[in-house]
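Line order of the protein sequences matches chains W and X.
Quick note: to get my numbering, add 489 to the position in the first sequence (first position is 1).
Quick note: to get my numbering, add 489 to the position in the second sequence (first position is 1).
Just so you know, these hints were derived from the structure itself, not from any lab.
It is possible that part of the hints are untrue.
For chains that are exact copies, the list does not tell them apart, and a pair is met inside one copy or across any two.
[As the list claims (entries may be wrong)] Taking lysine to any residue pairs in the SDA-like style, the calculated list, with each CA pair at most 20 Å apart, reads:
| no. | residue 1 | residue 2 |
| --- | --- | --- |
| 1 | 515 | 559 |
| 2 | 570 | 490 |
| 3 | 515 | 558 |
| 4 | 570 | 491 |
| 5 | 515 | 571 |
| 6 | 575 | 490 |
| 7 | 515 | 586 |
| 8 | 575 | 492 |
| 9 | 575 | 605 |
| 10 | 570 | 589 |
| 11 | 515 | 577 |
| 12 | 515 | 589 |
| 13 | 515 | 561 |
| 14 | 575 | 518 |
Number of protein chains: 2
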Amino acid sequence: MDYSPINFRDKLANVQEQWSPRVIAKLNDYQFKVVKLEGDSIWHTHLETDEAFIILSGELDNEFRNGNVHVREGELFVVPKGGEHKPFASTECAVLLIEPRGTRNTGDAAGERTAELDVCVQLK
Amino acid sequence: MDYSPINFRDKLANVQEQWSPRVIAKLNDYQFKVVKLEGDSIWHTHLETDEAFIILSGELDNEFRNGNVHVREGELFVVPKGGEHKPFASTECAVLLIEPRGTRNTGDAAGERTAELDVCVQLK
Chain W
490 MDYSPINFRD KLANVQEQWS PRVIAKLNDY QFKVVKLEGD SIWHTHLETD
540 EAFIILSGEL DNEFRNGNVH VREGELFVVP KGGEHKPFAS TECAVLLIEP
590 RGTRNTGDAA GERTAELDVC VQLK
Chain X
490 MDYSPINFRD KLANVQEQWS PRVIAKLNDY QFKVVKLEGD SIWHTHLETD
540 EAFIILSGEL DNEFRNGNVH VREGELFVVP KGGEHKPFAS TECAVLLIEP
590 RGTRNTGDAA GERTAELDVC VQLK
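Using the sequences plus the hints, can you model the full thing?
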C-alpha cells in the first residue's frame, strides 16, 4: 500500500485550469476532488446524491432559489440531494469536493462548465 | 433548508473530550465527524469500509504493521478497508473523519478508546 498522505496544496499546485475537478483520492465508491473556481457555474441539481464542499482557500457562494450560502476557508457545506444550486466565486477559490464516483459537476445540466469525469491530478 | 456552513473551528471549540468523534454533517449515508486525538489508539481494522482522515490541526501518525503514515494539517489520508492500523498523536491534533454511518472508531476491536456512535456536537 501507499503510505503517502495527500497534501491539498501540493495537488492544487498541479491544477492550472479552473472548473476542472481532479480526483485525488477515493473512499469506497466516493471520490475526493480538488477544483479551482472563479466566476459563475450554471444552475443545476444532483438528483441522486448530496454533494460536499470543503473550502481550502478563498470563499465560495452557493446560490439556491430561496437563499445563499457563503462558505469560507475552513468550512464545509453539504448541498442536499435535489437542491438546485449555482456555485459562484468572485475571486478564485480552491475547493475539496466529496461525492460518489460518477457525479457530474453540473448535475442534470450541461454547458461549458461541464467537466470530464475521473480526471486525476497530473503530478510533475 | 439550513443555509449555514459548518465551521470546523467552531465545532471543535465545543468538543472537550479527546477520542470522542462528534458528528457535524452527513453526506448521503456517510458522516463527517470531528475528533481531538492525543496519545495512542488501539490496533484495529475496519473490515467493511475505507476511512478518511483530514488533519485540521496538528499531526497524526497512522501506524500499520508494515509502515507508518505521518499526516499533517492540510493533508488527507485514506485507510484502506481491511488495513490494520493504530492512530497515534504525540500532541493533541484535530481530525475530520469521513466514513459511513455506523463505523465504530475502533473497528473490530474494543476498549477504553471505543466511543459511542452518532453523538453530535453540543453547541452552546
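Ascending list of hint numbers which this structure does not respect:
Of the numbered hints, 11, 14 do not hold.
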